[in-house]
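Enquirer: Letter by letter, the chains look like this.
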Amino acid sequence: MAAARATLPHPHLPAPSWRTQLKPVPRRVVAASAAPSPALTASLRLGDVIEAQQFDRQALNEIFEVAREMEAVERGSHGSRSRVLEGYLMATLFYEPSTRTRLSFEAAMRRLGGEVLTTENAREFSSAAKGETLEDTIRTVEGYSDIIVLRHFESGAARRAAVTANIPVINAGDGPGQHPTQALLDVYTIKREIGRLDGIKLGLVGDLANGRTVRSLAYLIAKYQNIKIYFVSPDVVKMKDDIKEYLTSQGVEWEESSDLLEVASKCDVIYQTRIQKERFGERIDHYEAARGKYIVDRKVLGVLPKHAVIMHPLPRLDEITVDVDSDPRAAYFRQAKNGLYIRMALLKLLLVGR
Amino acid sequence: MAAARATLPHPHLPAPSWRTQLKPVPRRVVAASAAPSPALTASLRLGDVIEAQQFDRQALNEIFEVAREMEAVERGSHGSRSRVLEGYLMATLFYEPSTRTRLSFEAAMRRLGGEVLTTENAREFSSAAKGETLEDTIRTVEGYSDIIVLRHFESGAARRAAVTANIPVINAGDGPGQHPTQALLDVYTIKREIGRLDGIKLGLVGDLANGRTVRSLAYLIAKYQNIKIYFVSPDVVKMKDDIKEYLTSQGVEWEESSDLLEVASKCDVIYQTRIQKERFGERIDHYEAARGKYIVDRKVLGVLPKHAVIMHPLPRLDEITVDVDSDPRAAYFRQAKNGLYIRMALLKLLLVGR
Amino acid sequence: MAAARATLPHPHLPAPSWRTQLKPVPRRVVAASAAPSPALTASLRLGDVIEAQQFDRQALNEIFEVAREMEAVERGSHGSRSRVLEGYLMATLFYEPSTRTRLSFEAAMRRLGGEVLTTENAREFSSAAKGETLEDTIRTVEGYSDIIVLRHFESGAARRAAVTANIPVINAGDGPGQHPTQALLDVYTIKREIGRLDGIKLGLVGDLANGRTVRSLAYLIAKYQNIKIYFVSPDVVKMKDDIKEYLTSQGVEWEESSDLLEVASKCDVIYQTRIQKERFGERIDHYEAARGKYIVDRKVLGVLPKHAVIMHPLPRLDEITVDVDSDPRAAYFRQAKNGLYIRMALLKLLLVGR
Numbered sequence: 001m002a003a004a005r006a007t008l009p010h011p012h013l014p015a016p017s018w019r020t021q022l023k024p025v026p027r028r029v030v031a032a033s034a035a036p037s038p039a040l041t042a043s044l045r046l047g048d049v050i051e052a053q054q055f056d057r058q059a060l061n062e063i064f065e066v067a068r069e070m071e072a073v074e075r076g077s078h079g080s081r082s083r084v085l086e087g088y089l090m091a092t093l094f095y096e097p098s099t100r101t102r103l104s105f106e107a108a109m110r111r112l113g114g115e116v117l118t119t120e121n122a123r124e125f126s127s128a129a130k131g132e133t134l135e136d137t138i139r140t141v142e143g144y145s146d147i148i149v150l151r152h153f154e155s156g157a158a159r160r161a162a163v164t165a166n167i168p169v170i171n172a173g174d175g176p177g178q179h180p181t182q183a184l185l186d187v188y189t190i191k192r193e194i195g196r197l198d199g200i201k202l203g204l205v206g207d208l209a210n211g212r213t214v215r216s217l218a219y220l221i222a223k224y225q226n227i228k229i230y231f232v233s234p235d236v237v238k239m240k241d242d243i244k245e246y247l248t249s250q251g252v253e254w255e256e257s258s259d260l261l262e263v264a265s266k267c268d269v270i271y272q273t274r275i276q277k278e279r280f281g282e283r284i285d286h287y288e289a290a291r292g293k294y295i296v297d298r299k300v301l302g303v304l305p306k307h308a309v310i311m312h313p314l315p316r317l318d319e320i321t322v323d324v325d326s327d328p329r330a331a332y333f334r335q336a337k338n339g340l341y342i343r344m345a346l347l348k349l350l351l352v353g354r
Numbered sequence: 001m002a003a004a005r006a007t008l009p010h011p012h013l014p015a016p017s018w019r020t021q022l023k024p025v026p027r028r029v030v031a032a033s034a035a036p037s038p039a040l041t042a043s044l045r046l047g048d049v050i051e052a053q054q055f056d057r058q059a060l061n062e063i064f065e066v067a068r069e070m071e072a073v074e075r076g077s078h079g080s081r082s083r084v085l086e087g088y089l090m091a092t093l094f095y096e097p098s099t100r101t102r103l104s105f106e107a108a109m110r111r112l113g114g115e116v117l118t119t120e121n122a123r124e125f126s127s128a129a130k131g132e133t134l135e136d137t138i139r140t141v142e143g144y145s146d147i148i149v150l151r152h153f154e155s156g157a158a159r160r161a162a163v164t165a166n167i168p169v170i171n172a173g174d175g176p177g178q179h180p181t182q183a184l185l186d187v188y189t190i191k192r193e194i195g196r197l198d199g200i201k202l203g204l205v206g207d208l209a210n211g212r213t214v215r216s217l218a219y220l221i222a223k224y225q226n227i228k229i230y231f232v233s234p235d236v237v238k239m240k241d242d243i244k245e246y247l248t249s250q251g252v253e254w255e256e257s258s259d260l261l262e263v264a265s266k267c268d269v270i271y272q273t274r275i276q277k278e279r280f281g282e283r284i285d286h287y288e289a290a291r292g293k294y295i296v297d298r299k300v301l302g303v304l305p306k307h308a309v310i311m312h313p314l315p316r317l318d319e320i321t322v323d324v325d326s327d328p329r330a331a332y333f334r335q336a337k338n339g340l341y342i343r344m345a346l347l348k349l350l351l352v353g354r
Numbered sequence: 001m002a003a004a005r006a007t008l009p010h011p012h013l014p015a016p017s018w019r020t021q022l023k024p025v026p027r028r029v030v031a032a033s034a035a036p037s038p039a040l041t042a043s044l045r046l047g048d049v050i051e052a053q054q055f056d057r058q059a060l061n062e063i064f065e066v067a068r069e070m071e072a073v074e075r076g077s078h079g080s081r082s083r084v085l086e087g088y089l090m091a092t093l094f095y096e097p098s099t100r101t102r103l104s105f106e107a108a109m110r111r112l113g114g115e116v117l118t119t120e121n122a123r124e125f126s127s128a129a130k131g132e133t134l135e136d137t138i139r140t141v142e143g144y145s146d147i148i149v150l151r152h153f154e155s156g157a158a159r160r161a162a163v164t165a166n167i168p169v170i171n172a173g174d175g176p177g178q179h180p181t182q183a184l185l186d187v188y189t190i191k192r193e194i195g196r197l198d199g200i201k202l203g204l205v206g207d208l209a210n211g212r213t214v215r216s217l218a219y220l221i222a223k224y225q226n227i228k229i230y231f232v233s234p235d236v237v238k239m240k241d242d243i244k245e246y247l248t249s250q251g252v253e254w255e256e257s258s259d260l261l262e263v264a265s266k267c268d269v270i271y272q273t274r275i276q277k278e279r280f281g282e283r284i285d286h287y288e289a290a291r292g293k294y295i296v297d298r299k300v301l302g303v304l305p306k307h308a309v310i311m312h313p314l315p316r317l318d319e320i321t322v323d324v325d326s327d328p329r330a331a332y333f334r335q336a337k338n339g340l341y342i343r344m345a346l347l348k349l350l351l352v353g354r
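Protein chains in written order, with my numbering: chain A, 1 to 354; chain B, 1 to 354; chain C, 1 to 354.
Don't read these hints as lab results, they were simulated from the structure.
For glycine and all other residues, C-beta sits at the position ideal for the given N, C-alpha and C.
The reader is advised that the hints may include incorrect statements.
What the hints assert, rightly or not - Here are the in silico distance ranges between beta carbons for each label pair:
1) B:292 to A:297: 56 to 64 Å
2) C:288 to A:281: 54 to 62 Å
3) C:257 to A:86: 46 to 54 Å
4) B:80 to A:72: 25 to 33 Å
Start from the sequences and build out the full structure, keeping to the hints where you can.
Expert: Listed below in structure tokens is the structure:
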């Protein structure tokens, strides 16, 4: 939502309480910021979901409460359509394909009675292909819809869209940048599965250098008390120093380990990730060396505490073996489903408030 | 629907009577079966539409009765939306494009008041492209929808999806395998056009070797009494022995003929098919020799009985000349429309029962 | 709509008054016409939107009145869904991508409570790719929907579709041919922005040779009184003689000018267009020479009358500088929004009448 709307409330947008924590800033100031950074948190405008950092504990709690309510709405919607977002129109503007994320948002909108305009491949959008700026596209699409869900290949695109639009924008992933709804559903899953967020012991496994999900998760979980994080990854894809330093500055304990079994025996959550072949370019040898190193299999289940869970942002290849799926501690498909509830909650909060 | 649900009935799934004819089997047993075969009929789980063989005469009759009711629902839906499937969400997961089939399913869902999540090109689905298994994709998509319509390029894919999913799966064509809703609409069209199914004389024309529609149709029509089938095809694409042997075993009379006019003069139904160029590979000469051999034109209409009809699964190229279209016996566009009614009937039966 | 329906009124289609101005003609006669031409106006069948020429002043006025009503409907639809087109199903059959136009039509349908079947890329439509004719595709799709919105790469395709279909067809652009809804929204925008259509002074700028929008606009505006048109374009893309002759024959004053500032100082509307690189083929030098010649920038705003507006069909590259956007006279995003209202009006008029 553009700044103008932040001071002049939209009639259809009773503000959820967490909005009031964020200060509106003049449009040009935000537009001038080249790259998103934690320092910008306070300057994020109201009514958009752009980056994980914009949420504090209170905002997270409110979103999670609404997500929990959404579980009941979704169960009730089979055979009796919810009318919460009836008459609202969401545009999914995807500049790169991500069917899982797109379907999840579109299901969320429909489960609440809303309607959807779909663009699966906006990059070949005739206008974009002809050289139209993202800003011009947004100004057109906002005339046809009530909320825009944007997936883009460029870091910072969601912020540019939000600065431009007079309707809410949700970032559904912008290149190597942010994917805040994934981060929210990850934290929500920990809360739903373990029952709390303070005092969690979390093992992050796999590609910690390139995976934006583990980076965002580390960032968000740091808002809670007595967190301990173990990093388990092949040498070529170790967690980067910026996150380590951030965790330290927030008083979060962390350590690196090369012993997945030992880590698994001590954790509440093992968060496994895919080694992303596409990040290794020509170095297929590095990829092959990295991918088989830390596999979650029945041996890991053997040492994992009974109350603990295995998470994964999906898609998975063979970094979790299929025989793990039937164990009740395999939480990754429940985690995917939580994406639906989180997105329902955000759509409700942004369009009609609590 | 997975086996678990077969014993624990889904609250939204009052079982249509034809379900009770099928025995649920343990999941692993079904999963272990490498290729679908008639012998597996009895082991098909409840609540999915996977292959033409799963339906007996009673099931077919029930589906056709509901399809007939759907004609009235569809006519009434212009200007007064049906609410039969209100609140239900169908995911069309298409790993290869088939716009005719997709639009037909999506129209069916909407004509009944339901909602749709569309994937036109799931093969480039970012997850599938990254190596995610079909099973993992299904486990995610079932969290977002109430029923999955799957089109896939691999034979057996629909069965694998059905074994995995806890919601109903409809096979919308899996490679050279099955396309059961096409088979159902073909048989329904014969019943609607001729008024009966017993005692039908049926000419199957064109590519009988590669066309899965004629194979499925031969299979299904064999369930009726006093059927006579004529095969009329170029030598390179003759009907294969498995179907001929099956027909013989079921007491269905059949013969091969190279005289389309003579066959047309004796039939109730001439079912023409396209010679599929893509099946000939490098042998364009074979394709060219085959394609012009048996054309349905005004000469065929001249000998065709007054009550008989011409059918075609579409798309057609020039194997039926355009001047045939205006003859009332040209049933192929009515046949395409019947696909809507059959799919409405199946969606209703699977989601809310009769 | 096919001729048959024109004499036998469709129960869902109370005829808007402008239909009665058009005479139905036998199907074959229309089908035989190779290329659309003004002379065919009177032979256009009822209930389709095929070309700008089919509308006279009275028809335009009625469409614009309904479009104005649609502004209120659209504003009211957030949170309380309109039911005007409830139960109606629109198929968007796009043989070339045009996301702006597609989203605009789909938003229009949904804002009125209708449903949509989408085909983003019908050219790879398996049937079209296999050689199915447009006519056969239309006969199938009309069985699944209540109205077809067709975008095609071939001039005349929309007319062929309309001749075939028994349901209304709207031309959403057919190659170098027509794009009548764009023409309607352009004229509607002039009326909304300036307050009248008679006595307008209009500057058409940019690519006047290849731009079908300026050609259609010139054609439509000629129906009004005391119009003056200025053509401002690089030599290689000058307005063609057919339009000039037509304007002269209609008593419309026009002149060519190479001085954009002088023209801007005298006009009510400056209609800027993009120089279309794709039309220049190998002659990149011609393109480069043409594209920078006439830019709408703050200098133009400096001489433009206070009441005047800048229009553009979008997408724009740099032929209007971004610093123009914040001027209240920059009407191009309002113009894009008007496309929604015009399409809502047409859908309502074609499906349920006034």
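Enquirer: Each hint should be assessed against the structure and marked as holding or not.
Expert: Going through the hints against the structure:
For residue 292 (chain B) and residue 297 (chain A), the Cβ-Cβ distance of about 59 Å falls inside the hinted range of 56 to 64 Å, so the restraint holds. Between residue 288 (chain C) and residue 281 (chain A) the beta carbon distance is about 36 Å. The supplied range of 54 to 62 Å is therefore violated. Against the hinted window of 46 to 54 Å, the Cβ-Cβ separation of residue 257 (chain C) and residue 86 (chain A) comes to about 52 Å, which satisfies the hint. Taking the beta carbon of each, residue 80 (chain B) and residue 72 (chain A) are about 30 Å apart, inside 25 to 33 Å as hinted.
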